[in-house]
Structures are given as structure tokens and as C-alpha cells.
Amino acid sequence: MDFDLTKEQEMIRKEVRNFAQKEIAPIAGELDEKEEFSEKLTRKMGEIGLFGMFVSEDYEGQAMDYISYIIAVEEIARVDGSQAATIAAGNSLGIGPIFYFGTEEQKQKYLPKLCAGEGLWGFGLTEPTAGSDAGGSKTTAVLEGDEWVINGSKIFITNAACDLTMGVTVQAITGTRDNGKPEYSCILVEKGTPGFKAVPMHKKMMWRASNTAELYFDNVRVPKENILGKKGDGFHQMLQTLDGGRLSIGAMGLGGAQGGFDLALKYAKEREQFGQPISKFQAIAFKLADCAMEIECARNLLYKACWLKSNHRSFEKEAAMGKLYCSEVMSRVVDHAVQIHGGYGLMKEYNVERFYRDQKLLEIGEGTSEVQRIVISRFIGC
Amino acid sequence: MKICVCVKHVPDTAATIKLAGDTAFDDADVKFISNPYDEFGIEEAVSIVEKEGGEVVIVTIGKEAATSTIRSAMAMGAHRAIHVKTDGQFLDSTLTARALKAVMEEDGLPDLIFTGKGSVDTESFQTQYRLAKSLGLPIVNEVSTLTLEGQKAIAQREIGGGEKQVLELGLPCVIGATKGLNEPRYPKFPDIMKAKKKEIKEMALSELGINEADAKVTMEKMEAVPERSGAKMIEGSVDDQVTELVRILKEEEKVI
Ligand SMILES: Cc1cc2nc3c(=O)[nH]c(=O)nc-3n(C[C@H](O)[C@H](O)[C@H](O)COP(=O)(O)OP(=O)(O)OC[C@H]3O[C@@H](n4cnc5c(N)ncnc54)[C@H](O)[C@@H]3O)c2cc1C
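Residue numbers (our numbering), protein chains in the order written: chain A, 434 to 815; chain B, 2 to 257.
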């Protein structure tokens, strides 16, 4: 057994941490407060290579292993959930499906810009009436001559309505299967296509500096070639995309837990009450000890899931466990972290309240905690 | 153009240092980084070579773990490195400068040498001067703007009070870099991967004919800086205050 990261993985961690501390930490609070997606910061993240991390050099990706990608997301999340969301969604949901399922032409057309962070791509699955039950979605695409005609709407789509957005992958019903159930396909829709509208969603509690959109498709016509992979592959592509995406949400939980813990430990050593640092009170010290232990477990579980994926073993069960565990660990850690900060923990001046808010999404997005438990229980034969 | 950049592997100034024994600290959990001032030198050297061609060679005198600092410099664009390995945590500036000189003589003298204006760990601010002197080269320290014109370097340094001094030096010369010279770049991930394949030549101090026993400065004891005790306010009329102050200095602090 070897628990050591490779030298490159350690360097990635060091460089991303350095970048996050210097470029993101000083402005994270302000962007959150103003609910502002920063194009400038996104481009900077692109410059160092945070997009297209697992994409080969043929498409100007960074050609790194999956663990390096996860470490990068973890280190960004340690400082700010919103920027981690832009990166995680950009890679796993935006770039991933095009890279894994796209034709050579589609890859050449979109990936170089996306991998440079000069453009973003959304992945539209969730609909107003179909969240956990993705099979209940209603958006349709009908082939008319050489064009798909798309009608419907999507909601909560990350990176889909900012100036950098180049387009979205949309999952739509394209027919009926032999068993009578709907057949799904994924179709690429470029920004600016007539009838396609992306509207930013505001007033979020968390990820306030990340871009979230509602999408409307009103007789949107795109060329037949815009289908991703084969007709009818959509459901499968979506499941595969979410399996990988779960690892990056797990990384956000892990990094966020670590970030919250760092703040709490520092504060507990500095804050004095009754004549001593509060970290000396057993009630506080035990909370911190529990946090440290749970973060250690979370990291081991998540990295193992990534290791399985990197080694082409089945990793779906571990990915669900990693996503679920890391996000719930972050929930417990940030709860303790705010408690340890006392009244100051509730004030915006102390970053810990941002971690407290940002955490909640992780138990909901890309499959709720309940859905993860369903997935795991199926794997163990319930 | 061949440029050598002297880069030191130092503990992060934000790290918590725990003493271990009399003359060392426990570095197991301490994060080490490239001396921040040296990074300005790396950035300057890399951007000069990007424009004018040539190579950037990193020279590091330090322990085994300094490799990570060397790889970071390579990810920023340096071409190769020479790592002179030491065992201990402290090597005085005389020997460090001697080792740097020996390395550069063996590798072929560069056209330009960068160091930082000082290192954030020992803060002796001497190595660059000793190196320049021993090589017979001109030096300017604390350089915040640099332009090269043919065989000349024009260096600007702040001399306090908002004043700047502009100096012209012939190449080769030694430039002690400081804040303002540039914004060190963040390495791009593919460059981090490529850095792994670049050459690091490893040498021992003894191979350069350097004997640690020749050090001019040895570490006697390492101690934590005592925490400052609180200030004491002296009240009363000016006369009373002076009398009280003199009494304290004489009787309590025993300094006069
Ligand atoms: C900020 C943000 C960004 C997002 N980004 C994207 C994106 O980029 N692309 C995208 O497609 N989607 C995105 N989503 C959508 C997200 O994936 C969904 O919100 C999520 O899947 C849950 O769906 P829902 O909100 O409709 O909740 P519902 O499915 O309505 O769930 C409501 C509650 O019922 C529970 N529940 C549902 N079914 C079951 C069951 N069978 N058993 C037990 N409990 C059940 C759920 O666990 C949950 O607690 C994003 C959401 C947010 C908030």
C-alpha cells in the first residue's frame, strides 16, 4: 500500500494553494457579498490550467491524472466554494461530456477554448419538475430534416449564463424506447442560437459568486451533428458524467471542511476566555479532534475512489460514498467551526459563515444525500 | 544569454517553528517555500530569456528537500538546475557564497546573476555581496526595476524617503531582486509536469572543495524571540517622569 502522493500531485497542491491564497482569498468575501461572478478571476484560473485538467494535450488540456484534478478542486474549495464550483462544474459537467462522448470535430471546435478558461459550458439536466427524478424530464428534441428542434426548460444550470458561456449540453427526450420509456439524448446548443435563452438566477444563499442559470428552449434549431455521441445514449452519458462529478463535489466537501477547520483551529488558539486560549477547554479541543479525524477519513475515502477511477476499476459505489461522506463531514465541521467562533462566527467579517452557507449545496447538488444513499444501498444489495 | 538564479529553500514565515535541540528546529511539519525575493529573480531571468533567448540555471545550496523549491522554479520556466546538497539547516554566508562561486565557475560563468535582496530565514543580507566580490563582479542590491541594453544593465533601487537611485553596471553583474521588479508568474500545470523532466545536477559541498569546518559563523544557539512584555506608562509631571525613568533604568533594568 502506498499513501504517498506523487511529486507532481504534491506540487499541484502547493501551487494551487498558493494561487488560491493570493488570488482568491482576498476577494472571495466581497464577490460573495456582491453576488458577483468574476470573469477576470475565471480567466486567471484558466491561465494556470485549472480547466481541462484531465483532457489530453490533443485538445489543449492539461493531461493530468484524476487525483491531481481532485486535489486542485479541494485546494480551491479550502478558500472559496464559489470558485471551486466554477472549476468543478466547468471540468466535470462542461468539459467532461464533450471530451468523453464528443466527435473529433466537436472536441476540436470547443475544447481548446474551454480548456484555456476562455469559455465555459453548462450541463443542463435538472428541470423545474425533474430533479432527483431525472427520468421525469420533459424537454424534447425532434429531428426535422437536418436539424434538431428543441423545446423545454432547465433550471439551476451552473456556468450557463455569464459572458464566458459558449453554450450548453442539454438532455432531451428524442423518442421512445422498446420498453415504452422515454429515450434521452444529449445535444450541444451554442449561445446565441435563436430561441435559446439563458437567464441568471439570483439571491442564492450559497455559491453566490458562481453563475447559475435558468434555460429556455423555444423551437431552438441546431444541426443534426450537434448530438453528443449516439441517439439514445443520453441517459447513460448523464449517469457517467454524474459519477465523475460526484468526485469533484466530494472534493469541494473535503476542501471546505479543511478550510473551515483551519479557521476554527486558528481562532481557538487565539481567542482567550477565562484566562486561557479556548482551544485548551476540553469541550473545544474534542470538537477539533473530531473534525481532524473526520477530515482524515474523508480524504482517504475520496482519494481511494479517485484511485479506482484512475486505474479503470469500478468506482461508482465509492464515488457516491465519497460525495455523501465528504459533504456531510463538511456540514459537521463548519457547524463546529461557527460554534467555536461564538458570535463572531455569525458575522461576515469572519469567513467561517461563508463556509457554513456554502456547505449546504453539497448535500443537494449532483444527487442529494438521499439519492446517494439510494445508490449505495443498491450497490450493497438492498 | 546565460543567467544563473540563486534560490534558497526557506521555511514559510507563517510557519510555527518548534525548536529541536540547541541549534535546530523541527522541520517535519514546517512548510518550506522558495525564498520570496528569489522568486522575483527567477521571474526576471525567465522573462529576459523568453525575449532574448538563452538559458536560466537555478543554483541552490540546501538539503535534499530543497528539490521541491527547485522544481517550482523550473515550472516557472528555468531550464536546468544545480543542487549542492547540505545536511544541516545552517550554512554561513561565506561558505554559501564560496559554493555558489565554485558551481558557477565549474558550469561556466553566466552573463547575469540574480539573487534575492536577502533571505527571509537567516536575514544576514551578505551572500550576494560575498559572491559578487569573489567573482570580481559589480553588484546592486534591492533592485526594483531592471533594463538591459547590450552589455549594460540599468538598475533602479529605492534608497528610502521615496528616492530612487539609478545605477549602470557592465555585464556580467549580480542583481539582488526585490518587490516591484515584477509579478512572479504562477506556474501552469503542464509546465509543472514538464519541470519533472528537466535536469537537476546534484553535487556535494566536498566535491566543490568546501569544508564546513571553515565556516566563519557557526550556530551556537537557537532561541525563540522572547515575547515583548507590556509597556509601562509613567505618569506625573515632566520632572517626576524623568526621575522615575532614570530610577527604572538604573535600579530595575540595570542598563545605566
Ligand atoms: C447552485 C446549484 C447549481 C446546480 N447546478 C446544476 C447543473 O449545473 N446542472 C444540472 O443539471 N443541475 C444542477 N443543479 C440541480 C441539482 O442537481 C438539483 O437541485 C438536485 O439534483 C436536486 O433536485 P431538486 O432540487 O429538484 O430536488 P428534488 O428532487 O425535488 O428533491 C427534494 C427532496 O426530496 C428528496 N427525494 C427525492 N426523491 C427521493 C427518493 N426517491 N427517495 C428519498 N428522497 C427523495 C430529495 O433528496 C430532497 O431532499 C444545481 C443546483 C443548485 C442549487
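FYI, nobody ran anything at the bench for these hints, they're computed from the structure.
Any given hint could be a false lead.
Said to hold, decoys possible - Derived pair list, reagent style BS3-like, types lysine-lysine, alpha-carbon separation capped at 27 angstroms:
#	chain 1	residue 1	chain 2	residue 2
1	A	Lys614	A	Lys663
2	A	Lys636	A	Lys473
3	B	Lys217	A	Lys455
4	A	Lys657	A	Lys624
5	A	Lys699	B	Lys19
6	B	Lys199	B	Lys32
7	B	Lys198	B	Lys64
8	A	Lys477	B	Lys86
9	B	Lys195	A	Lys713
10	B	Lys32	A	Lys477
11	B	Lys189	A	Lys473
12	B	Lys134	B	Lys199
13	A	Lys637	A	Lys467
14	B	Lys32	A	Lys737
15	B	Lys199	B	Lys86
16	B	Lys197	A	Lys737
17	B	Lys197	A	Lys542
18	B	Lys233	B	Lys217
19	B	Lys199	A	Lys477
20	A	Lys630	A	Lys542
21	A	Lys440	B	Lys199
To be verified - Not close to chain B: a few residues of chain A, all C-beta gaps over 12 angstroms, as computed:
#	residue
22	Glu456
23	Glu468
24	Ile481
25	Met486
26	Glu493
27	Tyr502
28	Ala505
29	Tyr533
30	Asn584
31	Phe589
32	Lys630
33	Tyr649
34	Asn652
35	Ser764
36	Asp768
37	Cys815
Values in this document were obtained by computation on a predicted structure and should not be read as measured data.
Every residue gets a Cβ at the ideal spot worked out from N, C-alpha and C, and that includes glycine.
Hints, one by one, checked against the model:
As the CA atoms of A/Lys614 and A/Lys663 are separated by approximately 18 angstroms, the hinted pair is consistent with the 27 angstroms bound. A distance of roughly 22 angstroms separates the Cα atoms of A/Lys636 and A/Lys473; the hinted pair therefore holds under the 27 angstroms criterion. For the hint linking B/Lys217 to A/Lys455, the alpha-carbon distance of about 39 angstroms lies beyond 27 angstroms, and the restraint is violated. Pair hint A/Lys657 plus A/Lys624 holds up; C-alpha atoms about 17 angstroms apart against a cutoff of 27 angstroms.
A hinted pair counts as satisfied when its Cα atoms are at most 27 angstroms apart, and A/Lys699 with B/Lys19 qualifies at roughly 17 angstroms. Taking the CA atoms of B/Lys199 and B/Lys32, the gap is near 24 angstroms; set against the 27 angstroms cutoff, the hint holds. Taking the CA atoms of B/Lys198 and B/Lys64, the gap is near 20 angstroms; set against the 27 angstroms cutoff, the hint holds. Proximity of A/Lys477 to B/Lys86 is assessed by CA-CA distance (about 36 angstroms); at most 27 angstroms being required, the pair is judged violated.
For the suggested pair B/Lys195 and A/Lys713, the alpha carbons sit about 47 angstroms apart, so the restraint of at most 27 angstroms is broken. Under the criterion of a C-alpha separation no larger than 27 angstroms, the hint pairing B/Lys32 with A/Lys477 is consistent with the structure, at around 25 angstroms. This hinted pair checks out: B/Lys189 and A/Lys473 have alpha carbons roughly 17 angstroms apart, not beyond 27 angstroms. Proposed proximity of B/Lys134 and B/Lys199 is contradicted: the alpha carbons are some 31 angstroms apart, above 27 angstroms.
Proposed proximity of A/Lys637 and A/Lys467 is supported: the alpha carbons are some 11 angstroms apart, at most 27 angstroms. A distance of roughly 25 angstroms separates the Cα atoms of B/Lys32 and A/Lys737; the hinted pair therefore holds under the 27 angstroms criterion. For the hint pairing B/Lys199 with B/Lys86, the CA-to-CA distance comes to about 18 angstroms; that is within 27 angstroms, so the pair holds. Taking the CA atoms of B/Lys197 and A/Lys737, the gap is about 25 angstroms. The hint holds against a cut of 27 angstroms.
For a cut-off of 27 angstroms, the pair hint linking B/Lys197 to A/Lys542 is broken: about 31 angstroms separates their Cα positions. Note on B/Lys233 and B/Lys217: the hinted pairing is violated, with a Cα-Cα distance of about 40 angstroms set against a maximum of 27 angstroms. For the hint linking B/Lys199 to A/Lys477, the alpha-carbon distance of about 26 angstroms falls within 27 angstroms, and the restraint holds. Between A/Lys630 and A/Lys542 the alpha-carbon distance is near 22 angstroms, which keeps this suggested pair within the 27 angstroms criterion.
For the proposed pair A/Lys440 and B/Lys199, the alpha carbon gap of about 14 angstroms is at most 27 angstroms, so the pair holds. Listed as outside the interface, A/Glu456 is inconsistent with that label: its C-beta sits roughly 8 angstroms from the nearest C-beta of chain B, within the 12 angstroms cut-off. A cut-off of 12 angstroms between C-beta atoms confirms that A/Glu468 is not in contact with chain B; the least separation is 27 angstroms. Chain B draws A/Ile481 into its interface by the beta-carbon criterion, the shortest separation being 5 angstroms against a cut-off of 12 angstroms.
Distance check for A/Met486 against chain B: the nearest CB is about 7 angstroms away, which does not clear 12 angstroms, and the non-interface claim fails. Look at A/Glu493: its CB is around 9 angstroms from the nearest CB on chain B, not clear of 12 angstroms, so calling it non-interface is violated. Distance check for A/Tyr502 against chain B: the nearest CB is about 10 angstroms away, which does not clear 12 angstroms, and the non-interface claim fails. Not every Cβ of chain B is farther than 12 angstroms from the Cβ of A/Ala505; the closest lies at roughly 8 angstroms, contradicting the non-interface assignment.
No Cβ of chain B approaches the Cβ of A/Tyr533 within 12 angstroms, the least distance being about 20 angstroms, so the stated non-interface status holds. No Cβ of chain B comes within 12 angstroms of the Cβ of A/Asn584; the nearest lies about 41 angstroms off, and the non-interface call holds. A cut-off of 12 angstroms between C-beta atoms confirms that A/Phe589 is not in contact with chain B; the least separation is 29 angstroms. With a minimum CB-CB distance of about 35 angstroms to chain B, A/Lys630 clears the 12 angstroms threshold, and the non-interface call stands.
In this structure A/Tyr649 is separated from chain B by more than 12 angstroms, as the shortest Cβ-Cβ distance comes to about 37 angstroms. With a least CB separation of 42 angstroms from chain B, A/Asn652 remains clear of the 12 angstroms interface cut-off, as annotated. Listed as a non-interface residue, A/Ser764 keeps its Cβ farther than 12 angstroms from every Cβ of chain B; the least gap is roughly 28 angstroms. Annotated as non-interface, A/Asp768 keeps its C-beta farther than 12 angstroms from every C-beta of chain B; the closest such distance is 27 angstroms.
Listed as outside the interface, A/Cys815 is consistent with that label: its C-beta sits roughly 41 angstroms from the nearest C-beta of chain B, beyond the 12 angstroms cut-off.
Checked against the numbered hints given earlier, the structure breaks hints 3, 8, 9, 12, 17, 18, 22, 24, 25, 26, 27 and 28 and satisfies all the rest.
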